[in-house]
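Engineer: Each chain, letter by letter, is given below.
There are 2 protein chains.
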Amino acid sequence: MDFYETTLSSKVIYSGKILSLRLDEVRLPNGKTSTREIVDHPGAVAIVALNDKNEVLMVKQYRKPVEEVLLEIPAGKVERGEVHEACAQRELMEETGFFARNLQHITDFYTSPGFCSERMHLYLARDLVKKQGQADDDEYIQLEAVPMEEAVKKVYDGEIKDAKTISGLLLVYSTLKGAL
Amino acid sequence: MDFYETTLSSKVIYSGKILSLRLDEVRLPNGKTSTREIVDHPGAVAIVALNDKNEVLMVKQYRKPVEEVLLEIPAGKVERGEVHEACAQRELMEETGFFARNLQHITDFYTSPGFCSERMHLYLARDLVKKQGQADDDEYIQLEAVPMEEAVKKVYDGEIKDAKTISGLLLVYSTLKGAL
Chain A
1 MDFYETTLSS
11 KVIYSGKILS
21 LRLDEVRLPN
31 GKTSTREIVD
41 HPGAVAIVAL
51 NDKNEVLMVK
61 QYRKPVEEVL
71 LEIPAGKVER
81 GEVHEACAQR
91 ELMEETGFFA
101 RNLQHITDFY
111 TSPGFCSERM
121 HLYLARDLVK
131 KQGQADDDEY
141 IQLEAVPMEE
151 AVKKVYDGEI
161 KDAKTISGLL
171 LVYSTLKGAL
Chain B
1 MDFYETTLSS
11 KVIYSGKILS
21 LRLDEVRLPN
31 GKTSTREIVD
41 HPGAVAIVAL
51 NDKNEVLMVK
61 QYRKPVEEVL
71 LEIPAGKVER
81 GEVHEACAQR
91 ELMEETGFFA
101 RNLQHITDFY
111 TSPGFCSERM
121 HLYLARDLVK
131 KQGQADDDEY
141 IQLEAVPMEE
151 AVKKVYDGEI
161 KDAKTISGLL
171 LVYSTLKGAL
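Quick mapping for you: the protein sequence lines, in order, are chains A and B.
Just so you know, we're using my numbering here: the first sequence kicks off at 1 and counts up by one.
Just so you know, we're using my numbering here: the second sequence kicks off at 1 and counts up by one.
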């Protein structure tokens, strides 16, 4: 089956700090044309960080787009030219104050592939070493260490509400369950 | 801890078919101001549909924003005024040709709460009845029935690459595992 769409033209509507928006005119497999609204995003990392007590380091923060305080795993966008592992260590440091001596890539996934290019690079961080954290100027976050089993329970209870945290916790939990 | 941000002004940059973009000037807890780039989305449904053979109905489609063909669970945006259960049945019908006699809400989650308001309503669909499907004009999708265990394996293999599908499959799999 032919799925592909050919780009006929592309128009940037907005180009900002963390995202840009463009409209692509595409030719569909049947020859018709359509418009795709596309949010371009540089990509992000998310980190399931486990301490020696098998607790997950999580952050509570206000998310303006959804107007709620959410409990999430540490995450952040990849800076221009930044290697993903370095980005994961930087975000972990900024949000939790820890450096991971053991950083393992778990998987990559798209958060909203229907309209957004954001690709999330998921890491498991262990052997954590306390360093001085340095939060971003406009980030207000509260660190919480949540036992792994309890974090997974919060996923099933619906208390954890964002896709990267749900995906990250469930992927890591079932991967490690034998070992924990 | 005070996390909340007060909206000082809001400016709509773009308003389109499936999303809109606005810039909010906010006052942070420390009194400083910052700009939030926010993609407004009407919300969406996603459906883990299991047939009598314990296969998950999945759809393969080209996703322009990421320029890849992805294997996903059926999903789509909520139309204005549409009840979520009705939306789930409509999307299931459009993408697979099946109606669910048993439709169960699993959970809700945000796909990218850092910059997007999209809330995903996840359903488990069972007791499927074949009806005539009617795909959207500009949707090219291929239906695949994937055994549940194999679908979960594809999550761990990295073959399934989108967050709603990863979250949906893992949530449903572990919920049902005892019963299957």
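The reader is advised that the hints may include incorrect statements.
[To be verified] Straight-line Cα separation of at most 25 Å, PhoX-like style, residue types lysine-lysine; simulated pairs:
(1) B:64 <-> A:32
(2) B:131 <-> A:64
(3) B:60 <-> A:153
(4) B:32 <-> A:11
(5) B:177 <-> A:177
(6) B:53 <-> A:17
(7) A:64 <-> B:60
(8) A:60 <-> A:131
(9) B:11 <-> B:60
(10) B:130 <-> B:32
(11) A:53 <-> A:17
(12) B:11 <-> A:154
(13) B:64 <-> A:77
(14) A:32 <-> B:177
(15) B:53 <-> A:60
(16) A:177 <-> B:153
If you are wondering where the hints come from, they were derived from the structure by calculation, not from laboratory data.
What you are looking at is a predicted structure, and each value in this text was computed from that prediction instead of being measured.
Engineer: Hints the structure violates: just list their numbers, smallest first.
Structural biologist: 2, 3, 4, 6, 7, 9, 10, 11, 12, 14, 15
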